[in-house]
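> Note that the protein sequences, when read in sequence, are chains Y and V.
For what it's worth, the numbering used here labels the leading residue of the first sequence as 481, then goes sequentially.
For what it's worth, the numbering used here labels the leading residue of the second sequence as 16, then goes sequentially.
Simulated from the structure, these hints should not be mistaken for lab results.
Each hint should be verified, as a subset may be incorrect.
Heads up, simulated DSSO-like pairs for lysine-lysine below, C-alpha to C-alpha not over 30 Å straight-line [stated by the list, open to error]:
#1 265/V <-> 665/Y
#2 613/Y <-> 227/V
#3 227/V <-> 724/Y
#4 185/V <-> 537/Y
#5 613/Y <-> 109/V
#6 724/Y <-> 782/Y
#7 611/Y <-> 482/Y
#8 742/Y <-> 84/V
#9 742/Y <-> 267/V
#10 109/V <-> 31/V
#11 109/V <-> 17/V
#12 17/V <-> 265/V
#13 215/V <-> 582/Y
#14 84/V <-> 124/V
#15 31/V <-> 678/Y
So you can see what is in the structure, the chains are spelled out below.
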Amino acid sequence: MKTLLVGEYRKGQLRDSCYELIAFAEKLGADSTLFLVGSPTDLPRTDGTLYLADVAKYGEFNPEAHKQLLLDVVAREQPDAVVFSHSSYGWDLAPRLALALKAAQISEVVDVVDGSFVVPSCNSKLRREVKAKTAVSVITVQVGAFNPGEPSGTPTVVALDTDAVGSLEFVGYETAEKGGVDLTKAEIIVSAGRGIGKKDNVELIARLAEALGGEYAASRPVVDAEWVEHNRQVGSTGQSVSPKLYLACGISGAVQHLAGMKRSEYVVAINTDRDAPIGEVADVLVVADLLQFVPVLTEKIKAL
Amino acid sequence: MKILVCIKQVPDMESKFRINGAGTWYDESDLAWRINEYDEYAVEQGVRLKEQVADAELVVLSIGPDRVKEVIKKALAMGGDRGVHVKDDAAFAKDSFEIASIVAEYAQKESFDVIFTGMQSQDRASAQVGVYLAEMLGLPSVSTIVDFSYADGTVTASRELEGGLKAVVKVATPALFTCQLGLNTPRYPTLPNIMKAKKKELLTVEVAELLKVDERVETSRVYFPERKGGGLVLEGDVGEMADRLIALLKEKTTVL
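Excised from the complex, chain Y in its bound form (with noise of 0.2 Å):
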């Protein structure tokens, strides 16, 4: 079997992303092939080939232009598989290429069992098993879902050109607001998810996270209501981060909220839903309601 992976350039900085696009490959048994549109200033390390287009010329979201270079590799490698990161980036460009291969695209991979791709459902409640019905697919794989290991090697660069113009304007990139909270560096992180129900609920989660010497944070339904400020939200929309302890209250654990949290060293969940997919990454699992147990919990830790 042969995988072309796709990595992806921000800001001008190669994504570690693609290393796991590399790790996937191998779980694949299969051999591999890069594509990039990047810059010859920072590339993966790692052997093998590589197709470069000169990002500085295309640009890093031009789908049109990124698109044509990756059928003009497709026409050269005729790979089994095209691999992309389950991101803004490869589910923009993923099924524009499938489209055009005429391949089947699979979204979200997070496991290979017995040549089926295994992809969440239903905000993780549920795994489906599912093969291509095409010679040529298209994959993208989950952020997190395939380890990487050490990244070691030289890649040997073939250069890309194409004439392809996209009908999209790239205007510039815009940062969100940045606040005074940097929950990358915090040892302890309060966080809260859907469950909380009201905005004025959100005091119940500060007042634990400053018992405990900690950050409160939200998941991202709680932001996009607006009842916490972007710059706490955790997931991959928001921050990653890698507390001590995580305390997820009313957070059903929806993949991308896991992303952002998955490198936390001890979790523990409170939710009403003894099944709730937090409960798979939890260290402990508090079947309650939090607006019974938070305020229980706080009051305890107070009097330590």
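Here the structure of chain Y is known, so what remains is to put chain V in place on it, guided by the hints.
For chain V alone, kept in the frame of chain Y given last:
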């Protein structure tokens, strides 16, 4: 301007799911159904665009069994002008390529200037249909938008990337946009608008008229993930659980 919004009806994700008899998807009985959360933002953005430009029409399309008419009616009550129900009792078994092909077949009959979809569904979560649809129609698309503004045939949109970063892009219409959570604040339909929506056109089309392709992805099995084990589950009295947890934190961590 003609605007199309594609929506899906999904179960409430807090539901207790059961696997269907064939072991290929969840059992659809005894579930509370709602509009896919991402699509609600798509409907709201469509309505706002319609309100902004003069002489616009907003069409809402959904594929599925008869019950999906409920979400179409909700979208009409939010401000859509007419609905299209592609009747398909087996929509759950179709892959993203088939679903996008069905919509493309319909959309080709009307020339839409702007199309909105959710960036993914909450149940399948493949994030494919919107971008597929644009490619099939030969339209430019911008995925995962969290900001949208329209002026004189040009859309400026922000795509949400990872880690709090956004990419701002401009594109001329006709174009398709897939909507991310937080794009706007979806309105609640008012009672008068719910009443008005009942009188709006809701066309039903049989899926067989629009489906002209074969599936490309096959689902062999659906199951509950195995518990990885090791995790301790506490249940019972709140005070006792709090004591137990404090003891565990003292024993297993250095934070207390």
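> Now look at each hint and say whether the structure bears it out.
Status of the hints after comparison with the structure:
Restraint check: the Cα-Cα separation between residue 265/V and residue 665/Y comes to about 21 Å, which is no more than 30 Å; the hinted pair holds. Using a Cα cut-off of 30 Å, the hinted pair residue 613/Y and residue 227/V holds, with the two alpha carbons roughly 17 Å apart. Proposed proximity of residue 227/V and residue 724/Y is contradicted: the alpha carbons are some 54 Å apart, above 30 Å. Distance restraint check for residue 185/V and residue 537/Y: the Cα-Cα separation of roughly 18 Å lies within the 30 Å cut-off, and the hinted pair is therefore satisfied.
Our distance criterion of 30 Å between C-alpha atoms is met by residue 613/Y and residue 109/V, whose separation comes to about 13 Å. Between residue 724/Y and residue 782/Y the CA atoms are separated by roughly 19 Å; this keeps the pair inside 30 Å, and the hint holds. Distance check on the hinted pair: residue 611/Y and residue 482/Y sit about 17 Å apart at the alpha-carbon level, within 30 Å; holds. Restraint check for residue 742/Y and residue 84/V: the C-alpha separation of about 40 Å exceeds 30 Å, so the hint is violated.
Proximity of residue 742/Y to residue 267/V is assessed by CA-CA distance (about 17 Å); at most 30 Å being required, the pair is judged to hold. The straight-line distance between the Cα atoms of residue 109/V and residue 31/V is roughly 23 Å, inside the 30 Å bound, and the hint therefore holds. Only pairs whose Cα atoms come within 30 Å are accepted, and residue 109/V paired with residue 17/V is accepted, the gap being roughly 27 Å. Between residue 17/V and residue 265/V the alpha-carbon distance is near 62 Å, which puts this suggested pair outside the 30 Å criterion.
A C-alpha spacing of about 38 Å is found between residue 215/V and residue 582/Y, which places the hinted pair above 30 Å, so the restraint is violated. Taken as a hint, the residue 84/V and residue 124/V pair is honoured in the structure, with Cα atoms around 21 Å apart against an allowance of 30 Å. Between residue 31/V and residue 678/Y the alpha-carbon distance is near 23 Å, which keeps this suggested pair within the 30 Å criterion.
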